[in-house]
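Engineer: So the chains spell out like this:
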Amino acid sequence: MKANKKIISVILLIVISSFITGEFLISNDETPIALIKKVVKDVTYKQNEEADWELAKTGVPLQNGQEVKTGTKSLALILFTDGSGLLRVRENSILHIYGEQEVNKLNKNTFIQKGQLGFQVSKQEDEQFKFTTPTVVASIRGTGGFIDVENDSSTTIVCESGLIELQATGGSRQSGSLSGGNSADIGADGQININPTTQQQQNQLNMNKQTETKKVKIKTKEGEIEIEYLPEYE
Amino acid sequence: MNKFLLFLKTVFIALILFSFATLELKAQISGTVSSVKIGDAKEGSDLLVVVDLYSSSSVSNITIAYQTYSQSEFKIRDMELQGTSASYNIPAEDIKLPYLTYYFIISFSDGTQETYPLGIPGEAEPLQLTVTAPSPKDKEVIILSPAKGELVDVADFFISISLIKAGDDVDVRATKIYLNDKDISDMALFAGDLILFYSDNFPGEIDKGYKSLKVDTYDKNGNLYHSVSSDFQSADANYIRDVASQFKSNLLLEGESRNEQFNDESTWYNNISADYNGSYDDWKFKGYAYLTSEEKSYLQPQNRFSASVENNWFNLRVGDSYPRYPELIMDGKRLRGFSGSINLGFFNIQTSYGEVVRNVEGSLIQTYKEDEVPLGSNIIAIDQAKYGNPYGEVNLGTFSRNLLAIRPSFGSGENFQFGLTYLHAKDDNSSVEFGARPEENLVIGTDLKVALDDQNILLTGQAAVSIYNTDISTGTLSDSEIDSVFGSDSYFDADTEQIKDIKNIIGKFITVNQFLGPLNPQEFSSLAGEAAIQLSYFYNNFKASYVYRGNDYKSFGQDFIRKDVKGINISDRVRLIDNKLFITLGYERLTDNLQETKIATTTYQKLNSTVSIFPRSNFPNITLGYTRYQNENGISKTDTVNNIYQIDDATNRFLIRLSHDLEIKGISNNLSLSLSTSSREDNSLSNNDANYTSTNLSVNSYWQKNLSSFVSLVSYSSEIAKVEYNYTSISLGARYRMLDNKLELSGSISPSFGDFKRQSVDFVAQYQVMQNFSLVFQFRLYRIPDQSTNSITGLSTRITL
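If you read the sequences in order, they're chains A and B. Residue 14 is where the first sequence starts when you use our numbering, and the numbers rise one by one after that. Residue 58 is where the second sequence starts when you use our numbering, and the numbers rise one by one after that.
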């Protein structure tokens, strides 16, 4: 009977805690790696590979190894908890957040499984800030730009400013440096092709930075429906 | 170590007591400047300086002169004069450890000038302000959300504070969070080094409106470790949707009416201003207008207006602007016209065109016949048909002056930029009837910046040459006029053919006549240049620079530049013990008489050393400094012909500055003490020995969240040529907020004693009628015993739309 009471107490505590913490559990000891700053439309996250996708809300803390997925016309803004950077996860993207906390620093590695990710990263001292895709590892010291991972895993990285060190992971495993105003295409063959940023890529970058939403109200027989959406930019 | 700290603490307290006991505390007593408001000087951050005047009625202009430890000369910049205040924002690149030296130059309508402190140079020393290093603790406490100034939806509101970078001695769970002064720490959740607060969990707790967020962190002994603050605005989704629409705008309206009573004379001053900010996508639009009753046709413009449009590669401003080109050529001078730039990175172009001086008509005093006209700089030819005689004595007017500047440049400026600058400015001879000697100026310059190794090596340089015509009223000379004016038999002994060649080349750009200079270009008399190398390695910031300024260099875009000087300046700053100890050393050697226009060449040497300690613990910040100036021109006292020109003096200056945040029985106090003493030994015939001692003590106390007070004690003691001058000034004041912070009352009283006697009283009440509407009432009384009693009463309002 005492054991049952304990179990019920624990369950109650978990339920109350989940209610108090805004429906997501917060570990007292472990420092989250990142948190979701803004959610537009369909954004989900999951605790680990085996867990189910859960609806993400503004303020959700993300621990090491957690994943974030965006649906069509959706957006998630993610802040790293050391204040080092902001990620813009555009529509139909999946990314995995990894991080390792050391004394007074946080080494970050974000795996982009697919989709487009914009980033604005402040200058890193002796910390690591890496983006990994199926074809390349990009080490950032302080820069802005975006990374696009196609369905065939080929990756395009556009660097707006600063410097990005690249190391292809497949084939010939080329390496190189990408400076501001240039873009790199990295395929499964491990080749890195660096070219000046095209006007189309510049437009993509501008669109990637747009995070403000619009809302419309539609009157239906059932009442008024409000729809929030990300406007299309030319 | 603890004993050592205890000893130093005892010394600090003793110094404070000593300063109270001797009352040898310094004041920069002035009949013009009421107070100087200056914020916390932190390296790498802009610094706003505001000068409050007792009365603005006779002041025509105020400039600030400031100098960092590594600069060889003061930068002099116009301040924005509005009502009884003048302000200037010193850019971040000029705020450097360990201190900033500054003073003000006040110009009056009658053409006279004075400085604040009174008597610079010679009879007083400029002011100094300690510049502190940005506290590394600022990086340890990170407010992740909301961002500063962010507009957040009440429904999605959350606060997130990260202490990931905080040291081990910080007790994360002892952190206190205040939202609009309300302690919400108990409602926060702790996740490792992250602190979270969700409004969802506390319905009704977060309302709409402007919010201030303060985070106090504590060490494991319970002592306050560091405070950071931020502000943001919460609103409902509909409001945010409106704000987030593509077009955003806001308008700020301000109005002021004040009465100045100067003895029996009463004068009203009125001004209004409108400040508009709008944006569409990445385009920004700004508009500004300031209209004042002090606008007079016989003064330079007091009204201000401007409109601008800009994005990240283009900007255009119409109206009043303050364009910045390479410092030798033009740097922040007011221009009424157009200013704009296109910045593509690999190629950029900047241009400005407009009026930098407005025409002010002179007046005729009396007329003269041709055969009785006397000599005089204000005797000019006048319209005989109109005034009866061909010459007149006049109060000279001011010609309007238009200026054009263009600077194409290559490179973004991050690691490389090469620029070329062209500046041409000319007085309009027809703009006034009673004027003389209109002028014209042409400057061509180049500048270069190269940064290497992630900006650890920085090479900069700029050079400019000028041509200056001091009287263009006769226009460009014809060939026959050149033959008659120049030549071996004439007053201007020059090769006439050479003059004609010069005319044919530069006559397309500037008026060529006998008043064109420089006369000795081959001696680089109108060349100005400087080059510098900065190295940042091994915790050192090393800078070496060379300056050259010919005595004839002149740019109408830069009124304040030291000329006839060349030499080197070397400085180094070392950061030690995790940025807790800064040691700076500097040496400068300059000489004048570059074109041998003086009897002797003076060598100016300055040795500068400072030690700054920022312990970041419960202990004062300390700055100790020693500076030696030595000037001499080699003329001997026994040289009976030239010894009246002898310069041979040395000045030793010592300073101690301490500041400390101290909590006594729950009351936060900020104490600062500054002691400065200077002794000049003048070995020349004039024997102008001078000794100064100045001390300044101030205590700011924060009794509770609504009440703060300040006490300051300043005193000055000098002996110049055996004449003593001593005075002391005390200021007592308090600020109190009430009615839910809607009403703020502040008042102060400041009597001065000794050789200068004055009493002043200030009272200000500010009431926030609505969130976007506030009223300010101000009353100021100042009295100089047996001389005058004056007052200012003013009411101003502020509306944000």
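Keep in mind that the hints are not guaranteed to be accurate.
When the alpha-carbon atoms are kept at most 27 Å apart in a straight line, the in silico DSS-like pairs for lysine-lysine are as follows [stated by the list, open to error]:
1. 663(B) to 762(B)
2. 118(A) to 305(B)
3. 233(B) to 194(B)
4. 265(B) to 118(A)
5. 222(A) to 305(B)
6. 305(B) to 54(A)
7. 136(A) to 99(B)
8. 222(A) to 341(B)
9. 70(A) to 268(B)
10. 54(A) to 271(B)
11. 271(B) to 118(A)
12. 118(A) to 663(B)
13. 196(B) to 143(A)
14. 305(B) to 86(A)
15. 205(B) to 222(A)
16. 136(A) to 196(B)
17. 222(A) to 59(A)
18. 143(A) to 194(B)
19. 70(A) to 271(B)
20. 118(A) to 779(B)
21. 205(B) to 70(A)
Restraint ranges, calculated between C-beta atoms of paired labels, are given here [as the list claims (entries may be wrong)]:
22. 190(A) to 364(B): 53 to 61 Å
23. 219(A) to 96(B): 31 to 39 Å
24. 348(B) to 233(A): 52 to 60 Å
A few chain A residues that don't get close to chain B, going by computed Cβ distances all over 10 Å [stated by the list, open to error]:
25. 48
26. 70
27. 104
28. 114
29. 126
30. 201
Don't read these hints as lab results, they were simulated from the structure. Ideal Cβ placement from N, Cα and C applies to all residues, glycine included.
Engineer: Any hints from earlier that this structure breaks? Give me their numbers in increasing order, please.
Structural biologist: Numbers 1, 2, 4, 10, 12, 20, 22, 25, 26, 28, in rising order.
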